[in-house]
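Those protein sequences? They're chains H and V, same order as listed. For the first sequence, our numbering gives the first residue as -17, with consecutive numbering after it. For the second sequence, our numbering gives the first residue as -17, with consecutive numbering after it.
Just so you know, not all the hints are guaranteed correct.
Same chains, same label: a pair holds when it works inside one copy or across any pair of copies.
[What the hints assert, rightly or not] Calculated lysine to any residue pairs in the SDA-like style (CA-CA distance at most 20 Å, straight line):
(1) Lys175 to Arg139
(2) Lys175 to Ser185
(3) Lys205 to Asn178
(4) Lys195 to Asp166
(5) Lys205 to Ser181
(6) Lys195 to Ala180
(7) Lys1 to Val272
(8) Lys205 to Ser185
(9) Lys205 to Pro177
(10) Lys175 to Ala141
(11) Lys175 to Asp187
(12) Lys175 to Gly142
(13) Lys195 to Ile179
(14) Lys175 to Ile140
(15) Lys175 to Arg165
Hints in this document: simulated from the structure, not taken from any laboratory.
2 protein chains.
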Amino acid sequence: MAQIIDGAAIAAAIRTEIKEEVARLQAEHGVTPGLATVLIGDDPASATYVRNKRRACAEVGIASFGYELPAATSQDEVLRLLRELGSREDVHGILVQLPLPDHMNEAEVLAAVPLTKDVDGFNPINLGLLGVKGRQAPFAPCTPQGCIELLDRSGIRIAGRRAVVLGRSAIVGLPVALMLLARDATVTICHSKTPNIASVTRSADILIAAIGKPRFVTGDMVKPGVVVIDVGINRVADTNSPRGSRLVGDVDFDEVSEEAAAITPVPGGVGPMTIAMLLKNTLIAARRQVV
Amino acid sequence: MAQIIDGAAIAAAIRTEIKEEVARLQAEHGVTPGLATVLIGDDPASATYVRNKRRACAEVGIASFGYELPAATSQDEVLRLLRELGSREDVHGILVQLPLPDHMNEAEVLAAVPLTKDVDGFNPINLGLLGVKGRQAPFAPCTPQGCIELLDRSGIRIAGRRAVVLGRSAIVGLPVALMLLARDATVTICHSKTPNIASVTRSADILIAAIGKPRFVTGDMVKPGVVVIDVGINRVADTNSPRGSRLVGDVDFDEVSEEAAAITPVPGGVGPMTIAMLLKNTLIAARRQVV
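Model the full assembly from the supplied sequences, consistent with the hints where possible.
The structure is reproduced here in structure tokens:
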């Protein structure tokens, strides 16, 4: 039976460390790290995400500044706000909650977040630098960074291992592949156009699943001893649940945990790490702008 | 026996196409595409590369403007020159010949080339966007683009194939991997820290060798029917040659051509494509800035 990688516990430990570091930054430099959140439109899921992020900030002593703009806001107005936030000394990190309304150009909006405050790591420059040994990306995007941190804090070696990443999104699959590569893994990226995908996943020492298909990875698709990080969060029907549904990952946990050496659960695996990494990036941004 | 992918012939065909397109742009818009080359210091190899690039420009009707600065030039002066070139209307592309003198920060210098004129594709933003489906990188770097073009013009399908890239440099390995991924290949990136590398290369339908080790890929490291693109250019001793040495690739051509369905020779494979892609990018840059 696999070691369960407890993302909730690891994220809690990280938040405790960040809280101490925030207090130290205040004591030594009189500076409180600040995160500006920009929410455009009235998508309820996005509103919940932003609320959770701001609550997490409050818990570790990071100031947060919430901006909520109507869906009809012009892109120019958003760019103007981002410029203003970019020049504010009390704002060390800026988070633009995605997705944006259809009439906006995501790349143009994200490019208006100054690199020094891009704590979400979504500026394409960050992505470009992730895989390049020796060049430091200003900020690693939060979910991929959370995956790496789970491996590191579970004592799992990355260098020299075969890593297989399922999924090639700019948010998770691609950056986590580049980060594993920079850490000296041999990395394969699979996607919806990969034929005979099981033959690839069975070569993995470390398997990162980020394709958004519930329980896609079954027990016969992995080799014994694999380490599995499950980034998927999918809601499926469940008549045993009072809500009638429950959350599952991209991995069939029951089957794969029989084969794996270590595996993250869903929920309670990668999920809690994303916000912890956002707090960490905001702390780092504040330190760099102050010290 | 493998099909030999004749890079010299393919590059010549591309140069002919570009020459026609340059003439059309002049006839229809009165504009001559212009490339500024910036050479800093007195490395003889770099001087030769720049000379060859400018000669290739002249052959297809692209104007080139050569800037040669002493090695002791300050970075600020280089940045000032790049700003000036960035604002000039007759300069559509800017090439900064690498490597730079040690006292310069390569990332900072390359970032001063405006994206619209970055015909070498070395701005990190370009790298970041290469692997992202649906987002267009302004310019693909020349050597990786040359590899893809060789496959395309030889009628070799990329989508759905297993591609293995040997090497992870920011100049070749990483961008070609991202470009293959965006073209729906399943991509594995190997490097000096990959154990049992032959077991990985033998899974390749398409193998790109870019590690700078002479004849590293031997016949037993590939499967029959593989397509091999050899980016390596290595000088090795050769007592049969009047010069006492000759150029070989990263692939043992004699052995691997017995197994491969198609293979590029060295010299005469990828080499001629790099300059052809620089001309193509300069033409594209001029078109975008004019039309």
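Right, here's what the structure says about each hint:
Proximity of Lys175 to Arg139 under the C-alpha cut-off of 20 Å is restricted to the inter-copy arrangement: shortest distance 13 Å between copies versus 29 Å within a copy. Within a single copy, Lys175 and Ser185 get their C-alpha atoms as close as 18 Å, and across copies as close as 17 Å, so both meet the 20 Å cut-off. Taking identical chains as interchangeable, the C-alpha atoms of Lys205 and Asn178 lie at most 20 Å apart whether they share a chain (15 Å) or sit on different chains (18 Å). Taking the shortest alpha-carbon separations for Lys195 and Asp166, only the inter-copy value of 19 Å comes in at or below 20 Å, while the best intra-copy value is 28 Å.
In this assembly of identical chains, Lys205 and Ser181 lie within 20 Å of each other by CA distance both inside one copy and across copies; the values are 10 Å within and 16 Å between. For the identical chains of this complex, Lys195 and Ala180 are intra-copy neighbours only, at 15 Å inside a copy versus 32 Å across copies, given an alpha-carbon limit of 20 Å. Proximity of Lys1 to Val272 under the C-alpha cut-off of 20 Å is restricted to the intra-copy arrangement: shortest distance 17 Å within a copy versus 54 Å between copies. Taking identical chains as interchangeable, the C-alpha atoms of Lys205 and Ser185 lie at most 20 Å apart whether they share a chain (7 Å) or sit on different chains (17 Å).
Taking the shortest Cα distances, Lys205 and Pro177 sit within 20 Å of each other both inside one copy (18 Å) and across copies (18 Å). For the identical chains of this complex, Lys175 and Ala141 are inter-copy neighbours only, at 7 Å across copies versus 28 Å inside a copy, given an alpha-carbon limit of 20 Å. For the homomeric pair Lys175 and Asp187, the shortest alpha-carbon distance between copies (15 Å) is at most 20 Å, but the shortest distance inside one copy (22 Å) is not. Only between protomers do Lys175 and Gly142 lie at most 20 Å apart by alpha-carbon distance; the minimum there is 6 Å, versus 27 Å within a single protomer.
For the homomeric pair Lys195 and Ile179, the shortest alpha-carbon distance inside one copy (14 Å) is at most 20 Å, but the shortest distance between copies (31 Å) is not. In this homomeric assembly, Lys175 and Ile140 come within 20 Å of each other (Cα to Cα) only across copies, at 11 Å, whereas the closest approach inside a single copy is 26 Å. Taking identical chains as interchangeable, the C-alpha atoms of Lys175 and Arg165 lie at most 20 Å apart only when they sit on different chains, with a minimum of 10 Å there against 26 Å within one chain.
When the structure is compared with the earlier hints, no violation turns up for any of them.
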